[in-house]
Amino acid sequence: MSSLRILLFGGLTSYRALFRWMSPWIAIPVFIVQPLFQIMLFVYVGRTAGVGDDRFFLIGNAILNAAIPCLFAMGNTIDGERYQGTLPLLLASPARRIPLFFGRALPVILNGFAVTIICLCVGAAMLDVSLPAETWGPLALAVAVSSFSCTGLGLLMAAVALRVRDVAVLANVVFGLLMIFAGVNVPLVSLPGWVAATAQWLPLTHGIAAARELAMGAGVAGVGAQLGVEAGLGLLYCVLGLGTLFWLEFDSRRKSTLEIS
Amino acid sequence: MAERVIEVSELTRTYRTGGLFARSRKEVQAVRGISFAVQRGELFGLLGPNGAGKTTTIKMLMTLLLPTSGSARVLGLDVVKDAQQVRRKVGYVFGGDRGLYERLSGLDNLRYFAELYGVPPKQQKTRIAELLEMVGLKGREKERVEGYSRGMRQRLHIARGLLHRPEVLFLDEPSIGIDPVGARELRVTVRNLVEQGTTVLLTTHYMFEADELCGRIAVIAGGRIVASGTPAELKSNVSTGSIIEVDVFGLPPGVESQIRGMPGVRTVVVDEREQAQVLTVHTEPGTEMAPAVLSRLEGSRIGKLITREPTLEDAYVELVAAA
Amino acid sequence: MKILRLLGISWWLQLKMRSRSAFDGLLSILWPLFFATSVFLMFRQGAASGPALLSAAVGASVMGIWSAVSTTASAVLQMERRLGTLELLVAAPRPFALLLVPVTLSMATIGAYSMIVTLLWGRFVFGIELSVASPALFVLSTLVTVVAVAIFGFLLAVASVRYRVAWALGSTLEIPVWLICGFVVAVGDLPAWVQPVSWLLAPTWGMAAIHASAQGRNPWGDIAMCLGLAAVYAGVGTVLSHVMINSARAHASLALT
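Chains as they are written, first to last, in our numbering: chain R, 1 to 261; chain A, 1 to 323; chain H, 1 to 257.
It is worth saying that the hints were derived from the structure and are not from the lab. Where is the CB? At the ideal position from N, CA and C, for every residue including glycine. Treat the hints loosely; a few may be bogus.
[What the hints assert, rightly or not] DSS-like cross-link-like pairs, simulated, lysine-lysine; straight-line CA separation at most 27 Å:
{"no.": "1", "chain 1": "H", "residue 1": "16", "chain 2": "A", "residue 2": "235"}
{"no.": "2", "chain 1": "A", "residue 1": "122", "chain 2": "H", "residue 2": "2"}
{"no.": "3", "chain 1": "H", "residue 1": "2", "chain 2": "A", "residue 2": "142"}
{"no.": "4", "chain 1": "A", "residue 1": "89", "chain 2": "A", "residue 2": "125"}
{"no.": "5", "chain 1": "A", "residue 1": "89", "chain 2": "A", "residue 2": "26"}
{"no.": "6", "chain 1": "A", "residue 1": "122", "chain 2": "H", "residue 2": "16"}
{"no.": "7", "chain 1": "A", "residue 1": "125", "chain 2": "A", "residue 2": "138"}
{"no.": "8", "chain 1": "A", "residue 1": "81", "chain 2": "A", "residue 2": "122"}
{"no.": "9", "chain 1": "H", "residue 1": "16", "chain 2": "H", "residue 2": "2"}
{"no.": "10", "chain 1": "A", "residue 1": "125", "chain 2": "H", "residue 2": "2"}
{"no.": "11", "chain 1": "A", "residue 1": "89", "chain 2": "H", "residue 2": "2"}
{"no.": "12", "chain 1": "H", "residue 1": "2", "chain 2": "A", "residue 2": "81"}
{"no.": "13", "chain 1": "A", "residue 1": "235", "chain 2": "A", "residue 2": "304"}
{"no.": "14", "chain 1": "A", "residue 1": "125", "chain 2": "H", "residue 2": "16"}
{"no.": "15", "chain 1": "A", "residue 1": "138", "chain 2": "H", "residue 2": "16"}
{"no.": "16", "chain 1": "A", "residue 1": "142", "chain 2": "A", "residue 2": "125"}
{"no.": "17", "chain 1": "A", "residue 1": "122", "chain 2": "A", "residue 2": "138"}
[Stated by the list, open to error] Heads up, incomplete: computed chain A residues facing chain H, CB under 10 Å, no partners named:
{"no.": "18", "residue": "75"}
{"no.": "19", "residue": "85"}
{"no.": "20", "residue": "112"}
{"no.": "21", "residue": "113"}
{"no.": "22", "residue": "118"}
Work out the full structure, taking the sequences as your base and the hints as a guide.
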């Protein structure tokens, strides 16, 4: 089995298998309606508090919501495999592990990407925020990079999930922390120093900042450095995640704790 | 003439599978027009294999399911029209792990259900203590149910079902997954209840349990009642009569076919064992063939001879197979 | 009297159950706290002070009451089904509505804990002065809001008894209610076509009563509206629960299998 096939099919099948309960009755409320309302909430709070403008909150919250599929899906995938008892099979499979994991990550990244783009389009229309046509390409790039880095964090979380029981709680907490730290609703300059410093190491911080600049007309060249950092962080988290996964698997084999239900 | 406490007439329940957008919808008839009656103070058994419709029937009598057609009355009250009144007087106990609040203690579970089922506040404390004593959970009631064993849960279930002193108790497969000792204690408890005047309807797929406990049994298979009566009556309906098993040391030639030819003998089977042959003779019902068989075996050395009556198991298997 | 006793004991035991899972409890307090913190940060960035800041703090803390109910109320019947206790509840000789209201009330009570935690967080981390003009009325308005939210949750729970994926719709309602009921954004600032919807939601009036008590204005009108609407919800919910349970009995959806 070539690595590319594993990449594609491994990803699609496990994602679908575990999201088989994902009917449109769940997907649309969770991935589209909820994020849109979150955008509206902060837009109106911003108006009441007299800070930011509609576009600021639109971009911040839209990209933040890419995190939902990214964090949950990766966590769910591993958790689900463990629940079904197929995790040992996955880790012992003869296929090279890395393409397998990236295969699982691909639909997740696409999901995150799609959620954000839809939120941006619909949100912009509802709020009458202008996003000129020439910004769409670069914005899409920023969104894609942000989705990727979030997925990396998701992978790290999924690795931790091998030992921890409740991935969903962890994902909710990470989502909340990102909402506060990554400059989603408050610009980094207005946050305490230590918060802003920590934010530099978190996904989404750079992606959101870049997307905001792009929406105001900056070219891709202007935000290249930020996008680069975002992508780099994503890679870092992937490496950390995979490393943790292998280490935990090795350790579990030693202690035979992989079957923890 | 004893009062009829449960009256079921042509009760039917059909399930339609598939939701609103399902590709295909099938109709499954779980219960197909059953009728029976239970008298006050009886221990009535509904015996049948899995999927026969026992649980569906009990749920209809418990007002948890609406019948598709037919009628049922409990204590003279219609289960559809007078549901609320029926609920006041009946108790429901089912086997398995579920049906309790895991995070609460046994005592809290009983307190909750006592309130729900209308046990007068002044009597709650004593009633709960009484029941805990009866089911043998005294001393463990403050522990959380999530730590209870299957047997303990089942006992708590029974205590719960009896809180409001129901006149009729429905027991749905109560001994599922319980060890033999626990099951035996359960049977003793049930028998005591009946002696004190509670009418009990028990469903089970354990033949010996129905045989041992029940005054009358209805055998249900494929949604229909295929036979009903006392255990003795059901046994006598079995078409095989007694079974004679003889150990013979050196069966002379020709004797086997002689015995086979005798009127009153159904089948003869000879098993070769190490030293002896075992002759198994199935006889026609109502005949006493042992002396005749023995006379044919005169001259041979005989070991033990057993005359076995057909068990309820034989009757049951025959009835279910015919359904 | 008997009804009050039933409601009281059910509420108490349900509360006991719900407060036993530390993990779930943590999340139900932490989740709205993240949003409240964002709101605090935004108002601080906008150099809000005094009454505006207090109003934001109070409104943000009430978000927790709704959070505790919205995400779990729509799933409560599915959970009872899984525990195997739904049938036992239906088989009880009581109107089902009386058994369900204490459940959502226990959730709203946990939401009240969340409110207190958020207020303390605002006080000690953000230095927001919690000087409430009429404390007694404030507490009363809060209790009224807790009851109103509980009954709203009861309506939600009943509406979702037949639908096994209703929890998704329930959790989607979390943020809309925060926004539409005027917790942190004045109803007057919302688009005109949304305002009638706000006025029909009981929590809107509860929140208005809380704001009024905090600022020293008269909350009684708001309290009356809130309780009135809650009574309507209770009536609708009771009728609906009767219909839904009968439907479940006809379609055999009380049990898992």
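Holds or violated: are the alpha carbons of residue 235 of chain A and residue 304 of chain A at most 27 Å from each other? holds (25 Å)
Given the hinted pair residue 89 of chain A and residue 125 of chain A, is their alpha-carbon gap at most 27 Å? Holds. Residue 89 of chain A to residue 125 of chain A sits at ~20 Å (cutoff 27 Å).
Residue 75 of chain A was flagged as interface toward chain H. Is the shortest Cβ-Cβ separation under 10 Å? violated (13 Å)
Mind checking the alpha carbons of residue 138 of chain A and residue 16 of chain H for me, to see if they're no more than 27 Å apart? Cα-Cα ~22 Å, so holds.
Is residue 142 of chain A close enough to residue 125 of chain A, meaning Cα to Cα at most 27 Å? holds (14 Å)
Run the distance test for residue 122 of chain A versus residue 2 of chain H: straight-line Cα separation, threshold 27 Å. holds (12 Å)
Would the hint linking residue 122 of chain A and residue 16 of chain H be met if the CA-CA limit is 27 Å? holds (23 Å)
Straight-line alpha-carbon gap residue 125 of chain A to residue 138 of chain A, limit 27 Å: holds (13 Å)
Under the criterion that the straight-line Cα-Cα distance not exceed 27 Å, is the pair residue 125 of chain A, residue 2 of chain H satisfied? Distance of about 16 Å is within 27 Å: holds.
Min Cβ distance, residue 113 of chain A to chain H: is it shorter than 10 Å? Holds, about 7 Å.
Has the given pair, residue 16 of chain H with residue 2 of chain H, been kept, meaning a C-alpha gap of at most 27 Å? With Cα atoms ~21 Å apart, residue 16 of chain H and residue 2 of chain H stay inside 27 Å; holds.
27 Å limit on alpha-carbon distance, applied to hinted pair residue 2 of chain H and residue 142 of chain A: With a Cα-Cα distance of about 26 Å, the restraint between residue 2 of chain H and residue 142 of chain A holds, given a limit of 27 Å.
In this structure, the earlier hints numbered 1, 5, 8, 18 are contradicted, and the remaining ones agree with it.
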